[in-house]
Amino acid sequence: MSETRNGLVHVDHVWKKFRYGEHNQLRDVIPSIARRVLRRPDPEGGLWSGEFWALRDVSFTVRPGEALGLIGPNGAGKSTVLKVLTRIFRPTHGRCVVRGRLGALLEVTAGFHPDLTGRENVFLQGAVMGMPRRDIARRFDDIVEFAGVAEFLETPVKRYSSGMQARLGFAIAAHLEPDVLIVDEVLAVGDASFQQRAFARVTELVRQHIPVVVVSHQLDAIKALCTHAIVLERGSVVQTGTPTQCIATYLRGIAAVPPAAAYDSALRVESVTLSSPRVASGSRLTANLTGAVIADPTTDSLSIRFRVREATTGDMWYEADSRALGVSTPVSGGFSLALEVQLNVPSGLYFFDVYVWDSAFGRVTFVGPSTTIEVRDGVPFDGMVQMNARATLGG
Amino acid sequence: MDLVRSRELLSELTRRDLRLRYKQSVIGVAWAVLMPLVVIFSGWIVRVVFASVSGQPVDAAALAGVAVKSIGWAFFVGALAFGTSSLTQNLALLTKVYFPREMLPLAAILTQVVDTAVGTVALMIVLPFLGVVPTLAALWLPLLALMLLCMTTALTLLLACLNVFFRDARHLVQVIISFGIFFTPVFFDASALGQRAARLLMLNPLAPVLEGMRLALVSGHNLARPLVEANGVTVWSPWLLTYAGLWSLVSIVACSVIFHRAEFRFAEYI
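Here the protein sequences line up with chains A and B, keeping their order. For the record, in the first sequence the residue sitting at position 120 is 120 according to our numbering, with numbers rising by one throughout. For the record, in the second sequence the residue sitting at position 85 is 85 according to our numbering, with numbers rising by one throughout.
No lab work stands behind these hints: they were computed from the structure. Fair warning: this is a prediction, and the values are worked out from it, not measured in the lab. Every residue, glycine too, gets a C-beta built ideally from N, C-alpha and C. Please note that the accuracy of each hint is not assured.
Okay, derived cross-link-like pairs now, SDA-like style, lysine to any residue, Cα gap no bigger than 20 Å in a straight line [unchecked claim]:
1. K158(A) <-> L34(B)
2. K96(B) <-> E374(A)
3. K17(A) <-> N6(A)
4. K96(B) <-> R101(A)
5. K17(A) <-> G94(A)
6. K17(A) <-> T95(B)
7. K23(B) <-> P114(A)
8. K23(B) <-> R7(B)
9. K223(A) <-> E374(A)
Which residues of chain A face chain B? A partial, calculated answer using Cβ under 10 Å [said to hold, decoys possible]:
10. A104
11. E107
12. H113
13. D115
14. N121
15. R134
16. R138
17. F140
18. F152
19. L153
20. P156
21. G334
Extracted from the complex, chain B is given alone in its bound form:
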C-alpha cells in the first residue's frame, strides 16, 4: 500500500518537474536535446583543437566516444544540480505535509532520466553517421547505466540532505559541476594521458563507467576482457567494472541510510 502510494507520488512529482522545466520556455522539450548537444559540441571542439596541436587527425570514432560520454556526464551534472535543491525548494511541502522525503530528490533524478532518454534517442540516430555500429558488447550498456544511476542517486541524496542543514552544499555542487569535468574522462580518453595518469584518473568512480560506455558502444569491446593499446597503456581491465560496481552499491546503500537518518529533522531545520 505504502509502496503504491510512493510510486504514484514519484510519478506525479516527476510529471510536475517535467512540466515545470519546459513550461513558459519557447523551445520547450528541445532543450532536452540541446543541452547535451552543447556539451557534445564543446567536447568535439576540444578534441579537434587537441588533434590539430598534436598533428594527428581526428577520427569519427573519437567524436562518437566524446558524444557518448557527454550524454552520461550531462545526466550526472543535471541530476546533481536539480536534485540538490529539490528539498530546499519544496520547503512548503516538507514543513506541512508528510510523505516519503526521498521522493523529491528521486523525482528530480527521474526527470533527468526522462530528459536524458530524449537526448539518447537523438544520439542513437546520429551515431550511425559517425560510423558506429553497435555490437554485442553494447549489451554492457544497461549495467553501466545502472551504475551511473546508482552513483548519481547516491550523491544527489547526500547533497540534497546536506543542503537542508548547510547551504554550503549548493556551492559544493557548483564546484563539482564546473571542475569535475577536468578529473573525469569526458572530452578526452583516460588512456591518452599515459599509464600512471590513466590509472589515477580511473580511481574516479565515474571514469570507468563513462570509459566503459565508450568502449562497449563505440569500440565494440567486450568489457569482460582487458584491453591494452599497442604502446602498452592499459585502456580497460575487467577489474574496473568490479570497482565501479562496488562504488555504486556501497554509495547507494550508505547515502540512503544517511538520508533516512536525517530525514525526520528536515522539517525542523529547513
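Okay, chain A solo, but in the shape it has when bound:
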C-alpha cells in the first residue's frame, strides 16, 4: 500500500487560535455566548479577549526526500504545528494536508496503559498509531529486540523504568513504515547507546525518500538530519532556509551575552560594521564600531568586550576586552573603535557580539548589535583550528 511512497506535507497559511485559562464550567458559557452575540470581534485578526494566536500564517511544504527542521524557543508554536500536522488540532484558518500514512515519533508512550503487559501494550499502541495488527505481529520481534525488553514482555508496563517505557514506545513508532514521518524530541530518549541506535533508525527512515518534519532542541540533530529548516518565533515563521542559516538566526536571538542591567549605560555601542561579511578561513577581519558616551556616571570602570560565537551551537570561541587590548575607554562624545581579529577557525557561520562591561560591579551594562560572519574555506583542512599551513618542497 505504500510502495508508491508519495507522501506530502503541505501547510498552507495556517492560523491557530487558543484561549488563556480555564473554561470548562457551565457558568462560563452563558457570559461567553452573550459576549459573542452582543459584540463583534476585534477586526484586527478576530481575537476575543483572552485569546491569542499560537500560529500566525505558517506555510511550508515538505516533499519526498526533504526533511524540514522546526527551530524556535519554547512556546514558539513548534508543538502546535506538529499537532496540526497530526490532526490533533484543527487550524482556525488555513489548510493542512498530509498525504499518506503518517508516522509520528512523538509522545511515543501516549497509548500505553500501565496495567497492561509489554506485549499487550505493543499491540494497543500499534493500533492507536494506525498499524494493522498483522503488521505489528510481523514486526513484533524486531520491536522487542530494538527496545531490549524481551525478558519483561509479560510484565505490566507500570513496573518498567521510564527509560524502558520510552524505549518500547520509540521502538513501536519507529517500525511503523510511514509515508510521512514526524519526529519530536524523541531523540533524547534512553541512555547513550539507545540514543545512538534511535538516531541511526531515524536517519534510516529519513533516507527512505519520504517527507520528514523534525522538532528538536538538539540543533546538531537538526543539522545532521534536515535538508531545510524554518525558525518559528511567537507563532510566526521568521526565517526559511538551510538548517545552518536557521540555526544561526535562532541562536543569534538567544544567549548572545548576559542580559544588560536595567539602567542606562554611560557607554553605548551604536553600530558594528564588518570590513567584509565573508572571509576566508585564517584571514583577518576588521570590525568598525561606533558609539557614544552618554556622560555621567564615569566610564572609568567600563570597557567594550566582543565575542565570536560558533553559530550552530552558540558556543563562545573567543572573547576579548578593549582595555586588555590597550585601548582606554573614551570619556565623552562619540567615538569609533576598530577591532581586528584573525579568524583561525573552520568554515561556517559565526556571530560577532559586542557588549559593554562594568568591571567595578561585574556586570553587563549594554548589549550592542550582533552581526554574522561567514567564514569560507581557504585551503581545506580538518580539525578545530586554522593553522595556515604552508608546504614547501625542497629540491
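Given chain A, put chain B in place with the hints provided.
Showing chain B alone in chain A's frame:
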C-alpha cells in the same frame, strides 16, 4: 483503509477495556454475571414485596420478565457509566495521538456488549427453569436489542462529548443511573400502573424496548399486534415499536453529528 484501521483500533481498545475491567479482580469475569444478577435479585425482591402487599401471588413469568428487563437496563446503565468517562480518562491519548475519537466511547459500549452477552447466556440457561419457552415472537429480540444499542450509543456519545467540555455530565449520569429506574419499567410492568400512567411511562423511549423484550420473550407475544389486558389497559401497541425505532434512528444520527462537530475541539478543551 481507514475503515479497516478503525475496526482494528476498536477491537484493540475493547480488548484493553475488557482486560482492564477484570485484571487484578479476584472473581474476574464472574462480575459480568454477578452485576446483572444483583439487579435481577433486587427486582425480584421488589416484586415479591409488592405482591405480598397487594395480596396477589408472584408468578414465575413475572420474575422472568424482571430478569429480562434487568439485563437490558444493566447494559444501558453500564455502558453509560463507562462510556461517559471514556474520553476524559484517555486524556493522554486524546491530546497526543490522532485517531477517530468515537472509538473510545464505542469501545466502552462494545466492552459492555461483551459483558452483557455473558450475562445473557447465563440468563438463557436460567429462563427455562422459570417456565419460559421461547416462541417465534422471540425473533423480535434482535430488533429490540438493536434499538437499545442505538439509544445507548447515542446517549453515551452525547454525554462523553459533553463531559469533555463540562464535567457536569458526570453528575448527570449519576442522576440517570440512580433515578432512571423509577421512570423506566424494569422492576414493574408499565401496564400495572393503569392506562394513563402507562401511556405516560411509555413515552420514555427505553420503556417500549424493555417491555417489548419481556412480551416477546416471556409472554411470547407477536409485537406486530396490539395486546390489551382483560381490565382494558393497553399493554402493547405496534405503534410503540415505530416510536422507539424513530427515537433510535433520530438520536443516533443527531448525536453522531454533534460528536463529530465537537470532536476537533476535544484536545484543546480537555
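Which of the listed hints are not met by the structure?
Result: hints 1, 2, 3, 8, 16, 17, 18, 19 and 21 break, sorted rising.
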